[in-house]
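Visitor: Generate the whole structure from the sequences, applying the supplied hints.
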Amino acid sequence: MEFFKIRKDLPFMRHALVFNVISLITFLAAVFFLATRGLHFSVEFTGGTLIEVSYPHAADTQKIRDTLTAAGYVDTQVANFGSSREVLIRMPLKPGQDSAKLGTEVMVALDKADAGAQLKRVEFVGPQVGKELAENGAIALLLVVLGIIVYLALRFEWRFAVSAIIANLHDVVIILGCFAFFQWEFSLPVLAAVLAVLGYSVNESVVIFDRVRENLRKMRKATIPEILDNAITRNISRTIITHGSTQMAVLSMLIFGGEVLHYFAMALTIGILFGIYSSVLVACPLVMWLGVSREQFVKPQKPKEEAVV
Amino acid sequence: MNRYPLWKYLLIALALTLGLLYTLPNFFGEAPAVQVSSVKATVKVDVKLLERVEETLKSANIAHQGLFADQNSVRARFGDTETQIKAKDAIERALNPDAGNAAYVVALNLISRSPAWLTAIHALPMYLGLDLRGGVHFLLQVDMKGALTKRLDATAADLRSLMRDKSLRHTGIVRERDQLAIRFRDAETRNKARAAIENAQPDLLLAEVQDGADYKLSASLKPEAQKRIQEFALKQNITTLHNRINELGVAEPVIQQQGADRIVVQLPGVQDTAKAKDILGRTATLEVRLVDDENSQNPAVMEEAARGQPPVGTEYYVERSGAPLLVKKQVVLTGDRLTDAQPGFDNQTHEPAVHLTLDSAGARIFKDITRDNVGKRMAILLIEKGKGEVITAPVIRTEIGGGRVQISGRMSTVEANDVALLLRAGSLAAPMEIVEERTIGPSLGAENIERGFKSTLYGFVAIVVFMTAYYLLFGLISSIALTVNLLLLIALLSMLQATLTLPGIAAIALTLGMAIDANVLINERIREEIRNGASPQAAIAAGYERAFDTILDSNVTSLIAGLALLIFGSGPVRGFAVVHCLGILTSMFSAVVVSRGIVNLIYGSRRKLTSLSIGNVAWK
Numbered sequence: 001m002e003f004f005k006i007r008k009d010l011p012f013m014r015h016a017l018v019f020n021v022i023s024l025i026t027f028l029a030a031v032f033f034l035a036t037r038g039l040h041f042s043v044e045f046t047g048g049t050l051i052e053v054s055y056p057h058a059a060d061t062q063k064i065r066d067t068l069t070a071a072g073y074v075d076t077q078v079a080n081f082g083s084s085r086e087v088l089i090r091m092p093l094k095p096g097q098d099s100a101k102l103g104t105e106v107m108v109a110l111d112k113a114d115a116g117a118q119l120k121r122v123e124f125v126g127p128q129v130g131k132e133l134a135e136n137g138a139i140a141l142l143l144v145v146l147g148i149i150v151y152l153a154l155r156f157e158w159r160f161a162v163s164a165i166i167a168n169l170h171d172v173v174i175i176l177g178c179f180a181f182f183q184w185e186f187s188l189p190v191l192a193a194v195l196a197v198l199g200y201s202v203n204e205s206v207v208i209f210d211r212v213r214e215n216l217r218k219m220r221k222a223t224i225p226e227i228l229d230n231a232i233t234r235n236i237s238r239t240i241i242t243h244g245s246t247q248m249a250v251l252s253m254l255i256f257g258g259e260v261l262h263y264f265a266m267a268l269t270i271g272i273l274f275g276i277y278s279s280v281l282v283a284c285p286l287v288m289w290l291g292v293s294r295e296q297f298v299k300p301q302k303p304k305e306e307a308v309v
Numbered sequence: 001m002n003r004y005p006l007w008k009y010l011l012i013a014l015a016l017t018l019g020l021l022y023t024l025p026n027f028f029g030e031a032p033a034v035q036v037s038s039v040k041a042t043v044k045v046d047v048k049l050l051e052r053v054e055e056t057l058k059s060a061n062i063a064h065q066g067l068f069a070d071q072n073s074v075r076a077r078f079g080d081t082e083t084q085i086k087a088k089d090a091i092e093r094a095l096n097p098d099a100g101n102a103a104y105v106v107a108l109n110l111i112s113r114s115p116a117w118l119t120a121i122h123a124l125p126m127y128l129g130l131d132l133r134g135g136v137h138f139l140l141q142v143d144m145k146g147a148l149t150k151r152l153d154a155t156a157a158d159l160r161s162l163m164r165d166k167s168l169r170h171t172g173i174v175r176e177r178d179q180l181a182i183r184f185r186d187a188e189t190r191n192k193a194r195a196a197i198e199n200a201q202p203d204l205l206l207a208e209v210q211d212g213a214d215y216k217l218s219a220s221l222k223p224e225a226q227k228r229i230q231e232f233a234l235k236q237n238i239t240t241l242h243n244r245i246n247e248l249g250v251a252e253p254v255i256q257q258q259g260a261d262r263i264v265v266q267l268p269g270v271q272d273t274a275k276a277k278d279i280l281g282r283t284a285t286l287e288v289r290l291v292d293d294e295n296s297q298n299p300a301v302m303e304e305a306a307r308g309q310p311p312v313g314t315e316y317y318v319e320r321s322g323a324p325l326l327v328k329k330q331v332v333l334t335g336d337r338l339t340d341a342q343p344g345f346d347n348q349t350h351e352p353a354v355h356l357t358l359d360s361a362g363a364r365i366f367k368d369i370t371r372d373n374v375g376k377r378m379a380i381l382l383i384e385k386g387k388g389e390v391i392t393a394p395v396i397r398t399e400i401g402g403g404r405v406q407i408s409g410r411m412s413t414v415e416a417n418d419v420a421l422l423l424r425a426g427s428l429a430a431p432m433e434i435v436e437e438r439t440i441g442p443s444l445g446a447e448n449i450e451r452g453f454k455s456t457l458y459g460f461v462a463i464v465v466f467m468t469a470y471y472l473l474f475g476l477i478s479s480i481a482l483t484v485n486l487l488l489l490i491a492l493l494s495m496l497q498a499t500l501t502l503p504g505i506a507a508i509a510l511t512l513g514m515a516i517d518a519n520v521l522i523n524e525r526i527r528e529e530i531r532n533g534a535s536p537q538a539a540i541a542a543g544y545e546r547a548f549d550t551i552l553d554s555n556v557t558s559l560i561a562g563l564a565l566l567i568f569g570s571g572p573v574r575g576f577a578v579v580h581c582l583g584i585l586t587s588m589f590s591a592v593v594v595s596r597g598i599v600n601l602i603y604g605s606r607r608k609l610t611s612l613s614i615g616n617v618a619w620k
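Chain order of the listed sequences is A and B.
For the first sequence, UniProt numbering gives the first residue as 1, with consecutive numbering after it.
For the second sequence, UniProt numbering gives the first residue as 1, with consecutive numbering after it.
Derived by calculation from the structure, the hints in this document are not laboratory data.
Warning: the hint list may mix true and false statements.
No farther apart than 30 Å at their CA atoms in a straight line, the calculated lysine-lysine pairs in the DSBU-like style are these [stated by the list, open to error]:
| id | chain 1 | residue 1 | chain 2 | residue 2 |
| --- | --- | --- | --- | --- |
| 1 | B | K454 | A | K63 |
| 2 | A | K5 | B | K608 |
| 3 | A | K131 | B | K150 |
| 4 | A | K131 | B | K145 |
| 5 | B | K192 | B | K222 |
| 6 | B | K235 | A | K131 |
| 7 | B | K227 | A | K131 |
| 8 | B | K216 | B | K235 |
Here are the computed distance ranges between Cβ atoms for each label pair [what the hints assert, rightly or not]:
| id | chain 1 | residue 1 | chain 2 | residue 2 | range |
| --- | --- | --- | --- | --- | --- |
| 9 | B | R93 | A | Q183 | 53 to 59 Å |
| 10 | B | T81 | A | L169 | 48 to 54 Å |
| 11 | A | K112 | B | A69 | 51 to 57 Å |
| 12 | A | E132 | B | A538 | 53 to 59 Å |
Just so we're clear, the structure is a prediction, and the values are computed from it rather than from any experiment.
Ideal placement from N, C-alpha and C gives every residue a C-beta, glycine not left out.
Guide: Structure representation (structure tokens):
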């Protein structure tokens with residue numbers, strides 16, 4: 001089996017400007033939604049309330065979920081707790097609402113729908129913990145960015161490092177933008193997914209850059225755009241198959257992973273799709289704009305050859 | 001050129017054997033069990049306890065599937081949960097006849113069904129996190145300021161008695177936020193006081209301040225002293241929590257420091273958070289009292305006392321050695337005066353001993369008491385749940401000054417450790433507050449395991465089917481390498497006993513999806529080399545060699561992200577990061593070394609190799 005039988009290098013770099021404009025627009029749209037809608041943070045970040053309810057008979061969690069939604073409580077998680085008669089409801093913290101009152105209000109609604117519901121406990125997750133989580137997340141992001149820049153600058157050259165990081169940060173912003181646009185819940189696992197995507201899609205850039213470096217040494221007569229085109233074309237098969245494989249694993253998580261893993265897998269899916277695009281069609285033009293040249297990789301042994309370039 | 005030296009094959013074989021061995025326990029599943037451990041650090045778990053449990057089960061006619069003892073607990077395995085609960089009740093009745101003063105924790109637990117020889121080489125199943133097994137998680141914030149305030153208040157009392165001892169007249173010692181202000185009428189007294197305080201309280205930083213007509217001396221804790229006090233407070237709180245949680249009957253509690261001022265408490269299997277919270281907040285104290293030796297040696301009085309009628313002003317206790325004694329009700333010293341307790345050895349006899357450090361007021365009281373009571377006995381009691389226990393009742397041989405006290409005699413090293421721990425653990429050193437609480441019911445835990453398992457399985461199967469269809473034999477080899485990766489990853493997680501959470505399982509699934517990248521790179525390279533006219537053998541060698549740089553670069557960048565998550569992440573993020581990082585490491589080995597090994601075994605020895613089973617490469 002062979003999906004890609006491309007004999008000539010595809011002229012990606014001829015359309016470099018188009019690709020960069022497309023990504024600039026998506027990027028700006030993502031920033032716009034992040035700014036206007038904001039992220040819908042989970043209980044871990046915002047603080048929140050847990051309510052334990054017990055019934056004299058087996059509780060119908062779906063019915064409780066419906067009742068709560070009807071009463072205007074969105075994003076509640078309902079799960080059996082200990083036994084089938086007990087139910088745990090998790091609710092996000094809303095400004096101006098105290099957790100003690102919330103408990104009674106929920107109970108009134110639940111009791112109306114299914115008599116005999118008994119409030120066992122109202123728990124609270126402090127908001128100060130969330131603030132720290134967000135801070136640590138930001139530090140982790142910064143550290144990943146710095147670490148990758150330093151590593152790539154050492155292994156390749158600073159132009160590659162900067163291009164790769166810009167391309168992949170743009171992925172991160174787009175993932176966040178999607179979460180803002182659809183108001184999906186941004187939880188700790190999603191944060192982990194976002195950072196994993198950063199490491200993962202830099203991979204893609206690295207693989208292409210590796211080829212570019214090799215081509216710079218081998219294809220002595222070619223121009224920089226030709227070299228980039230060749231590197232991308234030779235790698236297309238690998239790019240699609242690798243990301244396809246990773247996506248299969250992520251898709252499996254998306255289907256079978258349940259609620260907790262749903263948005264985690266969703267973030268990865270967006271990350272993988274945009275990762276392919278950005279590391280190939282954003283990073284490479286950037287490298288070109290930044291002015292990569294053969295001399296940066298090939299020691300000028302014969303000065304004559306330089307003139308040819 | 002495609003042959004491995006023998007040692008490389010041996011290395012692969014060794015990795016596979018270890019991988020299989022340590023993955024094995026995960027397949028046996030878990031059996032219901034009852035775990036008996038000691039509530040009090042002074043009551044040890046030993047062979048006798050094992051025999052007692054066995055006898056109890058025999059007399060109650062309950063069949064068990066094995067009894068195991070380790071350093072901290074005795075565990076009995078049962079066929080089903082019904083027998084398990086029956087056995088728990090029977091053991092509970094036999095070991096803890098007095099429910100209010102239980103000496104043992106009898107808890108329901110699950111233990112691996114894996115054979116004993118696996119357990120003997122420390123091959124244990126993966127350690128499941130709370131989100132997979134159910135339980136309660138608390139994050140407690142320790143009030144470090146509170147610890148310092150507490151210390152300053154105690155220091156103020158010490159300074160007052162110091163001024164009295166040295167006959168230095170002051171007009172008041174008060175705490176003003178994080179400083180102590182000592183006021184004097186003249187400069188001369190202040191200078192003398194300053195010298196005295198510097199001598200007695202090396203932890204204080206002193207400054208002279210003119211405050212109106214008052215000559216003020218302001219004292220604050222030195223930064224290094226503050227740090228020490230706070231570290232001590234945190235350590236002591238953790239110890240105290242340990243002791244309290246023992247009473248909850250939790251099989252495997254986790255109590256760990258997190259960051260500078262937080263403590264994580266995880267109680268797997270516990271559902272009753274209200275009770276857990278109540279127990280976490282309780283206090284226990286230490287008391288030093290004198291023994292009523294005269295009456296303790298009078299058998300008639302002791303007999304009366306044993307029946308519940310001790311002489312007025314005394315209480316009846318049984319010492320740990322079994323000897324009954326009468327202890328005076330008047331408290332000489334409480335645990336508040338104790339600043340540290342460490343196990344050690346007696347300087348002269350080299351017997352195990354516990355070294356106590358008292359604060360200065362405590363030291364003075366202790367000095368007075370010991371001076372006045374040489375030759376008499378002194379009892380050290382631990383008061384918990386309103387009930388006291390005499391830990392030790394040594395004879396006072398000489399006056400003891402300087403605030404350094406040693407308890408020794410009839411103690412083993414283990415006991416000395418335990419007593420020191422108990423004394424340290426008496427009460428909380430600083431107030432704590434719950435800032436986060438998570439509860440996961442067992443149903444949710446089981447559901448999460450199933451979800452994680454299914455996600456990984458179906459993702460894995462999809463990749464294997466695709467790879468084999470696309471790259472034929474080389475795809476199959478890649479799939480085998482991926483299986484080896486999974487095997488090694490699970491073995492490593494089992495070996496390290498790293499906590500596996502649902503995000504951790506997600507990381508396994510993701511790692512598998514990412515690990516295949518290396519093999520795709522290699523296979524694509526080999527195809528390309530063949531297309532460019534290389535011979536099959538040369539194509540294999542060049543494919544692996546050229547792809548390696550790329551594989552290394554891409555894995556290092558992934559690892560950088562993984563490590564950052566590991567360092568800065570907490571909770572679910574960390575669970576993800578641990579597995580992610582380990583997975584990257586194992587994938588490097590399996591995708592490059594193992595797959596090459598298989599390829600070499602299949603193709604390496606063939607001289608006249610004309611084609612490779614790697615899919616269609618005919619077009620050009």
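Visitor: Compare the structure with each hint and give your call.
Guide: These are the hints, each one checked on the structure:
With a CA separation close to 27 Å, the supplied pair K454 of chain B and K63 of chain A stays within the 30 Å bound. Annotation: proposed proximity of K5 of chain A to K608 of chain B holds, straight-line Cα distance about 28 Å (limit 30 Å). Taken as a hint, the K131 of chain A and K150 of chain B pair is honoured in the structure, with Cα atoms around 29 Å apart against an allowance of 30 Å. Simply put, K131 of chain A and K145 of chain B have alpha-carbon atoms about 21 Å apart, close enough for the 30 Å limit, and the pair holds.
Distance check on the hinted pair: K192 of chain B and K222 of chain B sit about 21 Å apart at the alpha-carbon level, within 30 Å; holds. Between K235 of chain B and K131 of chain A the CA atoms are separated by roughly 26 Å; this keeps the pair inside 30 Å, and the hint holds. In summary, the hint linking K227 of chain B to K131 of chain A is supported, as the alpha carbons are separated by about 25 Å, within the 30 Å threshold. Of the pairs offered as hints, the one joining K216 of chain B and K235 of chain B is violated, with about 35 Å between alpha carbons and a cut-off of 30 Å exceeded.
The hinted window of 53 to 59 Å between R93 of chain B and Q183 of chain A holds, with their beta carbons roughly 56 Å apart. Judged by the Cβ atoms, the range 48 to 54 Å given for T81 of chain B and L169 of chain A holds: they are separated by roughly 52 Å. A C-beta distance of roughly 55 Å is found between K112 of chain A and A69 of chain B, which places it inside the suggested range of 51 to 57 Å. Between E132 of chain A and A538 of chain B the C-beta distance comes to about 56 Å, which sits within the given range of 53 to 59 Å.
Hint 8 from the earlier list is the only one contradicted by this structure; the remaining hints agree with it.
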